[in-house]
Amino acid sequence: MKLAMVITFALTIVTAVPACAGLTAGTGKAKIDPAASLFPLDNGSGDAPFNGVHDSLYARALVLEQDRVRTIVVVTDTTNLPDDVYDRLVARIADRYRVAKDRIWLTSTHVHTVPWSLGKGYEQTVSDGVLAAIGEAMKTPEAVTVGSGAGMAFINVNRDEQTAKGFILGQDPSGPSDKTVRVVGFFRADNTPKAILANYAVHAVILHSSVTGVGHNSLISADLPGATDSFVDAHYVGAMTFWTSGAAGDQNPIMMSYYAEPGADGTPVVTDLKAAGFMLVDRLGQNLGLEIIRVVDAIRPQPVTTPIHAAQTIVRCPVKATDRAPKPLRISWLGIGPINLVGVSGEVGAVIDRRLRERTGGHATVLMTLTNGYAGYLPDDASYARGNTFEVDHSFLLPGCAESAIVDTAARLMAR
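Using numbering that gives the first Met the number 0, the letters of the sequence shown map in sequence onto residues 0 to 415.
Hints listed in this document are in silico derivations from the structure and should not be mistaken for laboratory results. Check the hints yourself; a few may be wrong.
To be verified - Below, in silico cross-link-like pairs of lysine-lysine (DSSO-like), each with a Cα-Cα straight-line distance of 30 Å or less:
#1 K30 to K100
#2 K164 to K30
#3 K30 to K273
#4 K178 to K273
#5 K138 to K100
#6 K319 to K164
The structure presented is a predicted model; accordingly, all values stated were derived computationally and were not measured.
Put together the whole structure using the sequences plus the hints.
What follows is the structure, given as structure tokens:
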């Protein structure tokens, strides 16, 4: 039976005009490492707490301006930004920088080797870092042209492995998995990249649960997103890379530092490579980074001659818990010339992403998950009938809402 959904149009699309001024882009970043006084910190697995920083976490800001209208995209090295944190932070940004809320995008890399809680004052650290990154980006505007491209990287795999004892977080090479690397580039007049928005469908969990520190402790790390950004940034002088999470809900890295394999009787057998996992991060980050560079070099950017469009919609989906209200799911859209950015405030898997592209002809569509809030796992409807996968087990939602809400709403927004 089809479950009802309640849709609220929170914001409206910008009215198009025949012509507009040129587009400028500014970039900035700020560290969001937890203060030393906060250690030790929960690492999300209930064991081996964080007691230091291996490589820094960042908030990265891209500020676009056109006819004095600003659009801001911020990527943070966080697991997610819950709805209440998103609401508070968007209000601060809108107030300080005079930007409409529908033109503010806050997305997480979904890295797991970071503080899992924004308590103990860490929310303030993240928020202040976001504002600082935006402030820096405001100071560096340059006229840009825009283009997009796509490549392939074989560093992800469907993680819903079925064993004699049910599903585990393992590897299913035959399961749905999108290997596409999607890139949107913002280029200066000399065709060098100013900003690179890269998108790939994989959980940032190469190091998750590994004991990477001294003793029984772990270290903070930006994992694959951080390694990828750093590799590409080192290649292009003056460019900033923004790693974003695609339809990664059911996708893990092809290699992980802490992993499970089914034993002879189907019981998972766990291996921890510990600090050696940082070599995996560097290697896979280089692999993905090289493909991003190849795609960027092939892009032929064009001027943006129409206004940037923006819209956001909230869909409320029924939840499993009978005593809870429907879960809000925010779907966002930015139209930058022929390029469509679709944001979803949850973890989407490969099947929904495929349906969205079939519906919209999405060769120039970039799906950014964990964007503008957090609604948890959003499995496709058929997954609920397969069995108790990790995504189904950990989703707040009943089947029959999220898949159609994402596909139908995104298609409607893009068609306006």
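Here is how each hint holds up against the structure:
1. K30 to K100: Answer holds: K30 to K100 is near 24 Å, not above 30 Å.
2. K164 to K30: The given pair, whose Cα atoms are some 43 Å apart, is violated under the 30 Å limit.
3. K30 to K273: 25 Å, holds
4. K178 to K273: 27 Å, holds
5. K138 to K100: Given pair K138, K100 holds - Cα atoms ~21 Å apart, limit 30 Å.
6. K319 to K164: 24 Å, holds
Violation of the numbered hints given earlier is confined to hint 2; every other hint is satisfied by the structure.
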